[in-house]
Structures are given as C-alpha cells and as structure tokens.
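Given the coordinates of chain A, work out where chains B and C should sit on it, guided by the hints.
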Amino acid sequence: MGMTLDFSILLRFTDALAMGLWTTIKLTLLCVVLGTSLGFVIGLLRSNGNAFIRGALGLYVELFRGTPVLIQLFWIFFCLPLILGVEFSNFVSATIALTLYMGAITSETFRASLRSVGREQMDACVALGLPRSAQILNVILPQAVLRAVPTLLSNAVSLFKESALVSAVGMADLMFIGQNISNNTARPVEVLTVVAVIYFIIAFPLTRAVTVVEQKLLRKFSV
Amino acid sequence: MDYQLDLGAVTRNMGPLIEGLWVTLQLTLAANVIGVIAGFGLALLTTSKLAILRWPSMLFVEFFRCTPAIVQIVWFFYCVPMIFNVFWGPVFMGIIALGLNLTAFNAEAYRASIQAVPREHLDAGIALGLSPAQRILNIVLPQALRNSVPVLLTNGIGIFQQSALVAIVGVADLMYQGKTLATATYRPIETFTIVALIYLAISYPVGQFVNWLERRQSYA
Amino acid sequence: MNATTTNSALVEINDLHKNYGPNVQVLKGLNIDMMPGERVVVIGPSGGGKSTLLRVVMGLEQIQGGSLRFGGKPYITTKGSKTVIDSEVRKKIGMVFQHYTLFPHLSIMENLILAPRKVNGESRASARERGQKILERFGLAAKADAYPSQLSGGQKQRVAIARALMLDPKLMLFDEVTSALDPELVAEVEQVILNLAAQGMPMMMVTHDMWFARNVASRVIFCAGGVVVEDGPPEQVLGDPVEERTREFINRVFHIKA
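Protein chains in written order, with the working numbering: chain A, 1 to 223; chain B, 1001 to 1220; chain C, 2001 to 2258.
Read the hints as simulated data drawn from the structure, not as lab findings.
Keep in mind that the hints are not guaranteed to be accurate.
What the hints assert, rightly or not - Computed from the model, here is a short list of chain B residues facing chain A with C-beta under 7 Å:
1) CYS1079
2) MET1082
3) SER1203
Unchecked claim - These stretches of chain B come out as covered by chain A in the derived footprint (C-beta under 8 Å, 3 or more residues):
4) 1016-1029
5) 1172-1180
For every residue, glycine included, the Cβ atom is placed at its ideal position computed from N, Cα and C.
So that you can see chain A by itself, here it is in the shape it has in the complex:
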C-alpha cells in the first residue's frame, strides 16, 4: 500500500477534539439523566396506568424503537420547529431527540425489571400485611430499579454511541469535529481512527462495568 501514516498531524487539533468530546459527553449525560427519568415514569404508567394511557405510551415507545435514530433527529431538527413555530438551538433539539429516544428504550428496561419481581414477593407482602404503598415503595420498586441497573448502563452506553449521529445535523460533537479535521487535512485514516479509538476508550470500560455489576446483582438476587 502506497500511503504513509502520520498521526502527529492530530496534535494540532487536540483542543478542537477535546471540545467536541466535551459536547458529546455533556449531551450524553444530560440525555441519560432526563431520558432515564422519563423512561422510569413511562415504564410505571405502562405497567399500571389505564388502557388509554397505556395505548398512547405504547405507540410512542414503538415509534422510537422501530425507526432509525437518524430520522428521529431529522424530524426533531426540521419538523418540530415548523409545527411549534419556535426555533431551537442545535443543543436543545439534540437533547429533545435523544431524551425521547432514551426514554423509549429505558421504559422497556424498567417494564421488564418490574415484571421480573416475582409473584412470590407479592405473596410475602400480603402475608406480612404490608399496605399497598409499602409493597410498591419498599419491596417492588427498589428491587425493580436494582435489577434494571445493568441494562440501564448498557442503554447509557448505547446513547453515548448514538449521540454521534448529531454530527449529521450539524452539531459540533466529537464526530463532527473529527470529520471536519479529516476533510480539511485530507487525512481521514489518521483522524477517523483516532476518533473511533476515543469513543472506544470511553465505551469499552463501561461495557466491562456492566458485566461486573450484572454478576454482583445476580448473586444478590439468587435468593
């Protein structure tokens, strides 16, 4: 192969890459917190609420799980302002889109973990005469949330990766900056490889952590 690699060109762009990474991390953390909270509420309502609420929320969840995240971003960026007649900044649009996406996937996580708290635990609650509020607050919810933790962590890692899509709608995240540098220097191999490695260095330890947390919890719940 007739090309030579020169990774030193990247040294000129460390500040720009760091800024992009910071935007990626800020956006991810914000949407993880907002999206997981939204997912928790939706998971609860879909497990208990009335038929109309369940149907409407089910539609929302299926819409966001059943379509590419890219089209969700396009829709929020280009269609929502038209419908509402309000302009949002890129950051706000991206936050809305990724929060709605995260809400949909984490609501399924919470729903599954609520179902996984067995009927025997409910029997024990009744046998102890626990009032409904204590059954939910002290027995069912803590277990459901604990059981959800590994999957929620995976969901967060997924969101971190999906956040790279905001580059396609012009937001200056790590991917966007990387592509710009790559285009300006005509050095895509070096630049894009380094961008990929940065994502990897953050995501990989998190996926290992998911495995560790999962095993700890499995031991705890092997009652």
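Frame of chain A, contents of chains B and C only:
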C-alpha cells in the same frame, strides 16, 4: 401552525422512496447473510482455547460494539479505498460495512448462547460416550442456534434501522431519498413522517414476532 | 392458649370452593374447624389442594364459594363473583413459604422490621430491639446486617419464620417450608417449628415429611380431590387410617420413605 399539510407532495413522488426502500432492503438482507454466517465463525474463534485466535477476534467484536456505527461507516467509506486502493460501488461498500458491524454483534449473541448450554448437558454427553466433535455437533450447536434466534432477529432488524446511516455517505437508500425529497419539495414533515412510518411498518412486525418467539421459548 | 378452655373455633372453613380458571376445580366444598392451640398438618397427593388451602387461609387467593371465619369473626366471604377479605383479620395470620421469599434487597434486620413499622407503625428502635431478640433466640444474631444471599437455605427459612413472628401472629401457616432445603439443613428449620409448637403456637402446615408430621401435629387432615377425606389425631391418620384412600396414600409414602 401556519404550515399546511400536503401529503400529495410525497405521494406524487413515491417512486424515489420505493427505489430507496429497495436499496435499504438489499443492504439489510445482504448484511444479515454476512452477519449470520460470519458471526458464527467469529463466535467460535472468540471461544477458542488458543489465545492467538481468541484475542484478535475478541478485539474485533469489542471494537465494533464499543464505537458508534456512524464512525464505523464513515471510516469505512473514507479509509478503505485509501488503504487498500480499491473502489467499490457505494451499495457494496454499505453492505460490507453493515455486514461487519452485524458480524460482531451476532458473534456476541452466538457466544452467549453457546455458553448458556448447561455444563450438565456436556457431562451427560461424556457419560454417554459421545466424542468431543459429536458433543459439539449434537448437543451444543442445536441448543445454541435455537437460543440465539431471537437475538439474531433483533440484531437483524437493528441493522435495518442502522442502514439509514449510509445516507450520510451518499448511498441512495430510503433515508437518503427521503432527505432529498424533503429538500426538493420543502415538505419535511410529510416526507420524514412517511419515511419513518415505512421503517416502522417493517421493524414493528418483526419485533412482535421476536416477542412471540421469546415467550414461546420461555415456556418450552 | 388451651383448647379445653374454649369452645369456639380459631378457624372455621365452610364449604370452600376454589377454581383456577373455568375448568380446574382445586377445592370442592372443603370443611375444617380448627380449634385454638391445634397444630394441623395437611397431607395428601400433589394437586389435591393442600397448598391452595393454606394460600386461601392466608388471604392470597380469590375463592368461588364458601366462607372463612377467624377467632369467631367473619374473615373471608364471597359477594357475587368477588372475594371479600377482612385485611384486619388477615394481619393476625403469618405465613412461611417454600422458597423463603425474603426481600433480597434488604438486610436480615430490615426484612424483620419492615412490616412492624409499616403495618403497626412501630418505631425503628423498638422493632430493631425485638428483632434482635428473636434473632438471638434463633441463633442468628450475628446475621442481622447480612443480606439473604449470604445465608444458607436453612438460615433463610429461619429468618422467614422470625419475620412472620415479628407481627405476633395468632396462627402460623407453613407451606412445604423444608421442601427446597438440602437434607442436612432440614432439621434446624424443623427444630424451630417444634419449639414454636411447644410454646403453644397454633399452626397449619403442609409437609411431605411424615416423620416431622407425626412429631409436630396434634391433628392430621388427609386432603384429596379437593375435599377432606380423613381427619383425626396423627396416630390414627398416619398410623391406622380408617379410609381406604388414606391407607393407600400412607402405605405408598411410607414405603418410599422407609
């Protein structure tokens, strides 16, 4: 809102969308053929006793699982022609890029279901006098394949959705045609909504089928 | 409590009917009067409705007909297709299950004090003090801050009994509490139940362990096909049953066990 909905702007231009959908389906099906076959081979490598086979294959899997798909695709479209000095058509490039991504995810699914085969079943195989090859072929494989079907389908429909990313590097798939149409007609709401619904109309039934399959397997 | 000083039953079960779905009748008109101080062991073939009976008495199941009274007061009745359960009465009954059903996210002490605090509004300090005493009695004082997953099956089941006793029940239900245990752990749980029996705790239990049944029971009920087939002192039902079906069952079980 002042925006007047005009679905006609889209329905009069269904031709390009259908062409795009056809490209999307080609990408999806071909990537799945690659992923289902190569993923299994890769899973065997990641469970190999030989470190020299195991480590590179695990690195391959983790790299694809721990980087954004869009980074992989952009990298592939820009770097592969430069490094290997080859020039393939965009759809073929898309198929290979998505196929490699799916290979990594499917390898993980196969590996998990190979490891989920209970040790006792292998012990029983030894007790019955089966050879190591017979144990793999008759005990491990059938169970592992059967258990991995729901995840393979979920991953397969995942790659259908991820295939929209190739629009960013100029492959004329459904997403790309939608974007072009939205710009040409100034009708983003109608266009993107209809494009989203087309994606949903294909993913949703497959998702429901997977749910049904998982329920059935958990009763078995 | 002494059975001879009172005439009124502790539990009165009248014509109890229980179905699972439209086709499966589990209990078909069951009648039992349990006197205070009695220790009733229910035996019978699987699918004969033993565990279902205990679950009904605990108020865990909807019933399709009949009624239950507890301590002379109405407890469970039917109103149309609905089952009406008096939850104040239910609080007087404690139950221990086959699979421990400890709350895995709570420490042993927290498992013990959750219900006293939430049900009776007892203070944390006072509940902890009582909890510590019970744990000491059961030889589990050192485990107060451990989590259920750190305990053996026998220890978990003893904690489950302690948890039920925290609410000062007037009747204890034991549903196959040693069935999930390794054989060497069965004795420690049975010993706790025998101690409770010696202190006069009324109890109703389902067990497959005929040796234990003979040791603990003051009365044995043989249940099959959703009705009471034979009902009497352990010497009679386990030793020299009157009914042919009981005899067959006992012969089979003892034959296997011996």
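Consistency of the hints with the structure:
no.: 1; hint: CYS1079; in the structure: 5 Å, holds
no.: 2; hint: MET1082; in the structure: 6 Å, holds
no.: 3; hint: SER1203; in the structure: 4 Å, holds
no.: 4; hint: 1016-1029; in the structure: violated (count 0)
no.: 5; hint: 1172-1180; in the structure: holds (count 3)
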